[in-house]
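All chains should be modelled from the sequences, with the hints used to inform the complete structure.
Protein chains in written order, with the numbering used here: chain B, 1 to 462; chain Y, 1001 to 1490; chain F, 2001 to 2128.
I should point out that these hints are in silico values taken from the structure, not numbers from a laboratory.
Being a predicted model, the structure only gives us computed values, none of them experimental.
Glycine is no exception: its CB is placed at the ideal position from the N, C-alpha and C atoms.
Hints are supplied without guarantee of correctness; some may be wrong.
[Said to hold, decoys possible] Now the stretches of chain B that chain Y is said to cover, found in silico as 3 or more residues with beta-carbon under 8 Å:
1. 65 to 79
2. 337 to 343
3. 444 to 456
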Amino acid sequence: MPYVSHTNQDLMSMLKGLGPDYLNKLRELIPEALRSTSELAIPGGLSEQETDSLLRGIASKNTPVSELSSFLGAGAYDHYVPALVRNLLSRSEFFTAYTPYQPEISQGTLQAGYEYQTLICQLTSMDVSNASLYDGASATAEAVLMALRIKKKATKVLLSAALHPEYREVVRTYLAASDAEIIEIPYDPKSGETSIDELLKLDIEEGDVACLVLQSPNFLGVIEDIAKHTSFIHEKGGLSIGVVVEPLSLGVIMSPGEKDADICVGEAAGFGTPLAYGGPYLGFMGVREKFLRQMPGRLIGETEDADGVRSYCLTLATREQHIRRDRATSNICTNEGLSALAATIHLSSLGKDGFKNLALLNFSKAHYLAKRLRKSRDIFMGFKTTHFNEFTARFALGTDIDMILKRLYDNGILGGINLKKYYSELDRHLLICTTEMNTKADMDLFVKIVFECLEEKPWQKP
Amino acid sequence: MAKALEGPLEEPLIFDRSREGRAGIGIPTPDVPIVDPHKVLPRLMVREEVKGFPELSELDVSRHFTRLSTLNFGVETGFYPLGSCTMKYNPKLNEEVAGLPGFAGLHPYQGEEMVQGALELTYELEKILEEISGMHAITLHPAAGAHGELTGMLMLAAYYRDRGETRHKVLIPDTAHGTNPASCALGGFTVVPVKTGPDGILTAKEVADHMDDDTAALMLTNPNTLGLFESNIKDISQVMHDKGGFVYCDGANLNAIMGLAKFGEMGVDIVQLNLHKTFSTPHGGGGPGSGPVGVTAELEPYLPKPRIIKTEEGYSYETDRPKSIGRMRAFHSQFTILVRAYAYIRRLGANGLKEASEAAILNANYLKEQLKDTYDLPYDVACMHEAVFSDKHQQERGITTMDIAKRLMDYGIHPPTIYFPLVVPGALMIEPTECEGLDTIDNFVEVMKKISAEDPELVKGAPHTAPRKRIDEIGAARRPRLRWITPEED
Amino acid sequence: MEHPENLKYTKEHEWILIEGESVTVGITDYAQDSLGDVVYLELPDEGDTITSGEPFGVVESVKAVSDLFAPVTGTVSEVNDALVDGPEDINDDPYGEAWMLKIDLDDVAELDGLMSSADYEAYIAEEA
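Have a look at this one:
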């Protein structure tokens, strides 16, 4: 059978070594009443070739974005993964290793992890980064839990309504056992920013709020000036948590750290990890040094070996589940090590200028498309603020966004996300994303079809 | 371990390799006008540069990470008997199919009609895992084992909330993984430790002594971390169920019982599986993993969102799940990990899975018998997939488990799990898995015996030939340096 | 292992030096030995009040973490900040450089319940 190395002779000699009644003993390991008597009702085994063709067959029932022209973003951004990333990740020394508990023979994983932590700190302008969390949504939930640990007396958590809807859901799930009250702060209908007026209206006492969670660019594509919100939450004695779901934006926009946030979390799968139908992705977290002891997840530190050679190892593990058990800062164990390695390789290969230029290219493509769309008298910018690589387009009253999306799809285009699904009031709003994967020709075709559709107005037909 | 280079295997940090102005991999030539951010953004929002980002050529990067990889030890480097982690071979085919554009190139918000294959694979894998575990329903949503544990705990909390009951406690045996108590606490429960019996397994009496109306569940691992089957589990479940409680099983050690026994038939109400252990998906140097959760019919309504259903028109997401605990993560699952696990299961089939478990048990028992005269075996009984020894005899010569672990590296072997479970002082937890042949195990046994007899000074100074000598973890913790500092910052 | 006779001890492995209505507190040689190399220490601030039996701080080695329980009730009058910066002294000199807090007692009578050096040694012999 596959993946087992015993020859018949080996088996005989092992059993002989174990003594005559050993097979019976092994059988009795599981009490008779619990022993399965029938074979598993699953198909019989296949050869590698058959398995390969089975899986290719299933894959062919899917239509990858590469066969379409995709303007989908909303937390999963289609970026080019360089061959170098894939190639290096396929080294079995990396992908078949376990968590580096034995540092003397795990320096590859550890040093790359230390480099990852450094890159995340540089990106977010934070002091400390952990070695990864599951994804952006669970990282956001972990950040909120962390804020509640730091602000022990606080009973409230403020979430921006422009935080990714699924991230908000995950925060609620994680906080089911907590007494903390979650308050959603509406976005300003004009600017699309998390409303500072609504924040000021809140009746909360100083010390009663653990944190304010703000995403920038937010789910509507709007770049938030988080400095204002941060000073508000600091005055109330809470922490400012900045969420960055598209960290490529940090090549153009100032980071949460530069705007005085206390914790910065987000989703870094866009660096070297494929879309993969939503996972595995890469949750990241950077914090201020003073909160280090409350941080969840693994940390890699620099040290020396017995010969004084620079080395790396897991450190400050007393925060973690395997030592602190029920009082740990999180229950996380397995994280997203290989995705973090992908991000490290990808960012290193882009380099300082490559990163900036890629960010500018994404930014410019979205501005090009927005400008072209605005030429229609039936399309407006959803909000009076600027965006990075994703924006909300508002269509004229009566437009059926689903019909436009259908028309685009008939032409091989994934046109974006109908925001009505998440915000009932945004019922003629389309969330459109462009990355380096969208060519000018793709965007021009997109515009052409949308304009044709607006001209025809199929929703007016009986 | 491949020692590819002369001298100390020290690879500079990527930041130290950086040279100002060196161009990396490059980006496409812009086909639209580049917009100056200063013209459209307020001045205080524009970022000029990311300070400290490295500047390297493609060759620099390739060489750097290739060199780093040679400092690592993976399953393909050598024997990796890390107990409780099931370090089996990660088939190449699975990596290849997971990378197919039809899997890796799907956006999570594509319409259902475009991803029928992905939904089919997920649905079919759920069905297969239901059959293997004997549970009524499986969710593939959680991202890792501990994430699955938390999912289970939150479901229990929701169940009791729904019934207007409050239960505060969860019983956890002293052999449990640290994630168990941590997940309980995060789920809002207080941990009550229960003691393993003299045979290394839990007794129904011990559980009954602690079970009361304020206890929500028992969280046990079966086979447990001593490598023993919890043979009283049926009676234990009865004790829990009689008082309205549940049995949560950590299924991390499923590799020992595939096709041999089912959690559902043991009275287990919730179980989490680890695809990155049992079903050969790679550990990745610490993830990504995947932690499916199986439940009874009674708990099914509380499973996290989203759920896939099969209809005559095809597969789709079920939208109306009012009792669900909600989402544990964004999007659907660790999808390409599921692809790997599915390929593995289909390759082995029903018989192959059972034979894998049987071979894993045989390997562990053979290894245990060969070593038990040299190393102390606190529970001298037939084991499942792993055996736990201690350093009791070696300590008489001043050699500890830590020393043995480090010395194994000199022989090209990855150390077992050490100092766990906590009930065995100086534990060496050895799991050979079914993939290893007799020659590999015999070599390991020989090396272990040799180390036991070696000059204590030699063993205590180990490793001698690994890429690093023993690493100062104390210094790392006393003066944490957790990132590279730019020369200006320093 | 040493447990000086001029000090008093608790079951939580702390030592207490009594000077009138004020006491100095640290952890015992036995405690530091079972923890291993100490890497981190968290202590309350000067002026904080602590309550007998309640945790007042945390001491950590690489692989273990332990709460510090207040042996008495009172107000913290002095904190050994140097020890927080270099907690390795706990291993090297548990009864000297590694004192942790000075506390002004609320009630001197509380001291009656503490163990002598001989009692403590008997206690740890039993615990082991």
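Outcome, coverage hint (the segment 337 to 343 of chain B, chain Y; C-beta under 8 Å; three residues)
holds (count 4)
Are there three or more residues in the segment 65 to 79 of chain B whose C-beta lies within less than 8 Å of some C-beta in chain Y?
Since three or more residues must qualify, the claim that chain Y covers the segment 65 to 79 of chain B holds, with 9 doing so at under 8 Å.
Verdict on chain Y covering the segment 444 to 456 of chain B, where coverage means 3 or more residues with a C-beta closer than 8 Å:
Three-residue rule not met by the segment 444 to 456 of chain B, so violated; n is 0.
Hint 3 from the earlier list is the only one contradicted by this structure; the remaining hints agree with it.
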